[in-house]
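Residue numbers (our numbering), protein chains in the order written: chain A, 1 to 313; chain B, 1 to 130; chain C, 1 to 541.
A portion of the hints provided could be inaccurate.
Under 8 Å between C-beta atoms, here's a sample of chain A residues computed to sit facing chain B [stated by the list, open to error]:
{"id": "1", "residue": "Val40"}
{"id": "2", "residue": "Leu136"}
{"id": "3", "residue": "Glu179"}
{"id": "4", "residue": "Glu200"}
{"id": "5", "residue": "Glu285"}
Quick list of in silico lysine-lysine cross-link-like pairs, DSS-like style, CA-CA up to 25 Å [stated by the list, open to error]:
{"id": "6", "chain 1": "A", "residue 1": "Lys141", "chain 2": "C", "residue 2": "Lys223"}
{"id": "7", "chain 1": "C", "residue 1": "Lys467", "chain 2": "C", "residue 2": "Lys477"}
{"id": "8", "chain 1": "A", "residue 1": "Lys126", "chain 2": "A", "residue 2": "Lys137"}
{"id": "9", "chain 1": "A", "residue 1": "Lys70", "chain 2": "C", "residue 2": "Lys223"}
{"id": "10", "chain 1": "A", "residue 1": "Lys141", "chain 2": "C", "residue 2": "Lys75"}
Derived from the structure by calculation, the hints contain no laboratory data.
We put the CB at the ideal spot given by N, CA and C, even for glycine.
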Amino acid sequence: MKFPSPSSAEAVVSIAGLSRRFGSRTVLNELSLHVPRGSVFGLVGENGAGKTTLIKHILGLLRAEQGTVKVFGIDPVADPVSVLGRIGYLSEQPDLPGWMRVDEFIRYTQAFYPKWDVAYAESLRKQFGLDASARLKTLSKGQQAKAGLLAAQAHRPELLLLDEPSSGLDPIVRRDILEAVIRTVADEGRTVFFSSHLLEEIERVSDHVAMLHRGKLVLCGPLDEIKARHHRVTLHFETAQTKPPVIAGALSVSGQGKEWRVLCNGGRTELPAIVSALGARIVEEHTPSLNEIFVAQAETIVGDRPTTTSPPH
Amino acid sequence: MQIQITSHDGVPIYLQIFNQVKHLVASGRLSAGEEVPPIRVLAEQLVVNPNTVARAYLELERAGVVTKRHGAGTYISEAASTVSRREKLKLLTQRVDSLLVEAGHLGIDLKEVVELVRERHDETFSPAKE
Amino acid sequence: MRSPVAALTWEIWSRNYRSIVSVVVITSLCALVNHLVPNKSEILENYQSIYWLLMIGSLGLVFSVFHHAEFNPRKNWHGFPYRLFTLPVPTWILTGLPMLLGVIGVGLVYFAWTQLVFAPLGRTVSSWPGFVLGVGMLCYQSVVWSLAGFRIVRIVSLCFLGLLFMNFGMIPLFLELLPWDRETVLELFTFLLIGFSMVAFFGAWFSVERQRRGGGRGRGWLKAQAGRIMNAVPRRTAAFSSASSAQFWFEWRRAGWLLPACVALALLFIFLPVSWFGRKDTDIALITLGWVLGLPLILATVIGKGFAKPDFWSADLSLPAFLAIRPFASGEMIVIKMKVAAMSVVIVWALVITFLSLWLPLWANTRELKEWLENAHVVRGGFKLFSIAVLSLMALAIVTWRGMVGSLWVGLSGSMTRFVGGAIVHAIVFVLAICGIVYAENHFHWHDLERYVSWLAWILMSAVVAKVWLAVFSWNKISPPRVGKYVMLWTAGTGCFVALGLLLSLNVFWIKQLIILAALLPVPLARLGFAPASLSRNRHR
């Protein structure tokens, strides 16, 4: 089995200079992004950062006001049929027609995708425990998500687009969704693009990460690189500090008294000199988790909040 | 093969797999010649990206823990058992290092640490010996 | 807020204080005007009706204040506020308090009107309707709460109750006509109404208590039965042969069946009994025939407004993501909608023809109709008459279809302004047309006929030019094969209208041109052309 290296592969989704405004609010701002083929691309960001808007642009449900969006090299607005036929999509609220029965829903969806795998769909239905004659509106939220997942997956799409698929769902359904992601990417050449708040999920399954903040891309690249660039060090001062130490290049500084935690992006080689100039020493060093990087990035950009000091415990 | 992945500390997942496989070999829970699960199966089992598993296997292969047989899967290498003694020591070395660092922070010198190790050893194992 | 009762009362007040204040303001303003104006008899004569209207309006507001129902998304009904069930208050207080307040409120307002507004004018109003209104309030609340799960039954029973109480209110007027003693009758009705209020109170208590304990099963039971029937009906179990057939099924299941179902129900429950009971009367036969033929057209225009939306049953005009992400061209979606509309039109007219072919020969009084037909036969001959009949039917079907698809281009655009604007424009055009017809009828002079004809010709001519121009403008964005198909369709439809017009027209010099011009208009061209662009704007916002 071969797993194509994402950096060398061509882009499935390429977005260049995309901007979008709703009224006076800028939701996406000069966004450029490439999703390599065969990758699991995780999109993170706070609520309202523009994740759903970005995904809607990829689906062609929103027209690019400025910039270009190409999916498989095709503009999804100009030619929705050939783009959508190769995409499987599942959103946080799978907007399913509640009046349909599960089997009708499967057959209806099947009709649109020539590559639909009937046996696979049936095995998924059984695995998910979906009653064929039940109406979709009578299903629980988790089961509806599973039905949506089935419809998004059974034609083995080249690109699986998941918009916060697991928010508000129980761990079992979340695991089903993640397994679908893995199965999709394990089939050669398939790509997954998914947004989530659950950074642990992203950290587990994705190999590329992009972070949106207020419509701007603040981080984008292979997860390993991002993690390798960030360091979390604990500084120890001989005397208690009343103010957080000022360290160039630090994303966040938190702590109190003698011990301070610093998260920085790059600049590992210069750090010891800076630290010793401040009269402190490094007592601990870790690779931060994605969650820590996310929080630190978000806080740095917000800036106007006094987030650099944590309240006394 | 039982592997636990945690996302709380920042240890990269491939490294977690790498370490744990080595650990399993060192402790004898994986023996030489045994087949490890295919990348895809392990990825689905652990719910992690297959590329990550592939990378862990690659590192394991480089370290001589596993060997790939062409078209027939991945096996724990025969050399792994001879490696394992060294590996065991290496695993312990990491623990000892962190123990020493911790002791340094607390201002306890080496003599006292060694004394403590002996004391703990006697207390933990002496009833079993009798 | 020391007691729950005070808290609940405060809640009713704070939710409705605008209505309550407006009632107080209206009433006191009227009372003030009465006190300030010197010649009261003149007011009574000229403006009494305004006072009555204001009084009815303020009583209506009082009813809306004590309506005391909320939408419950879990049960999908509008009933007694569900959130109050978690309060540590017994149910009889929950229901009794708004009922008591309602009775007091309606009584106070009625009393204020009679004593402060009408009494100074020198008009005495009996207090009996006030009593009836109080009981009416109790029954209203009780019905609103206890029939929450049965929307249609509730509307019907509220209408029925309204009529009943109106009659109760007017009892003092009938008293002179009745042979019995005045006091006895009033006493009897008082007891009856007290009985009503007891039933209302206990009924509301019982049913709200049941809802509070997770009951109100009636609807659930009915739904279960309906579900059982639905389950028994054989369903499609074969796979769809193509995306188009799947989409056709989708649209049909969503809204396509509605027009035939409505027509079938109307035929079965309105026209069948009416035609049976009026089977002796020849006028009724003619009127029924007219309505039967007109019914599909009217229903199609009404249902067509909903059919034009992306989803008939949803108030949201944007294309649901479920449909938008299907790999299916927007133009194809329009074609499917048109096909579904055509299918329902065909079924509708088949139903109408079936009804007519049963009713006319079997139990209709067709004497007048036969005479008329014989005359026509003499004038035009059998073949011509037959062609006229066939062509009229086709024309009716085309107009029905037009009613279904005519609004697609606004309905699918996703813009509420356009959708509502379109409906308003239609309504205005309709009203203007009626006004124009009435005006023309009143000011018609035979000697001006030629002038009228030339006006009409000019209007029609400009309409045709506008239509063609718009069509060219809208069609140039659409692929040639589809344009070809639609043009053929339009030609066939228009040809049918032209032929019908020519067959019907009398042989007078100017009428033929007019008819040809007019026949070019009814089959839509531009609006069909605009529809795909409109949908794709909705789909890719």
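Hint by hint, here is what the structure shows:
1. The interface hint given for Val40 (chain A) is met, as the beta carbon of that residue sits about 5 Å from the closest beta carbon of chain B, less than 8 Å.
2. Look at Leu136 (chain A): its Cβ only gets to about 27 Å from chain B, farther than 8 Å, so that hint breaks.
3. The interface hint given for Glu179 (chain A) is met, as the beta carbon of that residue sits about 6 Å from the closest beta carbon of chain B, less than 8 Å.
4. Restraint check, Glu200 (chain A) versus chain B: the minimum CB separation of about 4 Å is within 8 Å; hint holds.
5. Annotation: Glu285 (chain A) was flagged as interfacial toward chain B, and the flag is violated, the nearest CB pair being 10 Å apart, outside 8 Å.
6. For the given pair, Lys141 (chain A) sits about 21 Å from Lys223 (chain C) by alpha-carbon distance, which is consistent with the 25 Å threshold.
7. For the suggested pair Lys467 (chain C) and Lys477 (chain C), the alpha carbons sit about 16 Å apart, so the restraint of at most 25 Å is met.
8. For the suggested pair Lys126 (chain A) and Lys137 (chain A), the alpha carbons sit about 19 Å apart, so the restraint of at most 25 Å is met.
9. As the CA atoms of Lys70 (chain A) and Lys223 (chain C) are separated by approximately 48 Å, the hinted pair breaks the 25 Å bound.
10. Our distance criterion of 25 Å between C-alpha atoms is met by Lys141 (chain A) and Lys75 (chain C), whose separation comes to about 16 Å.
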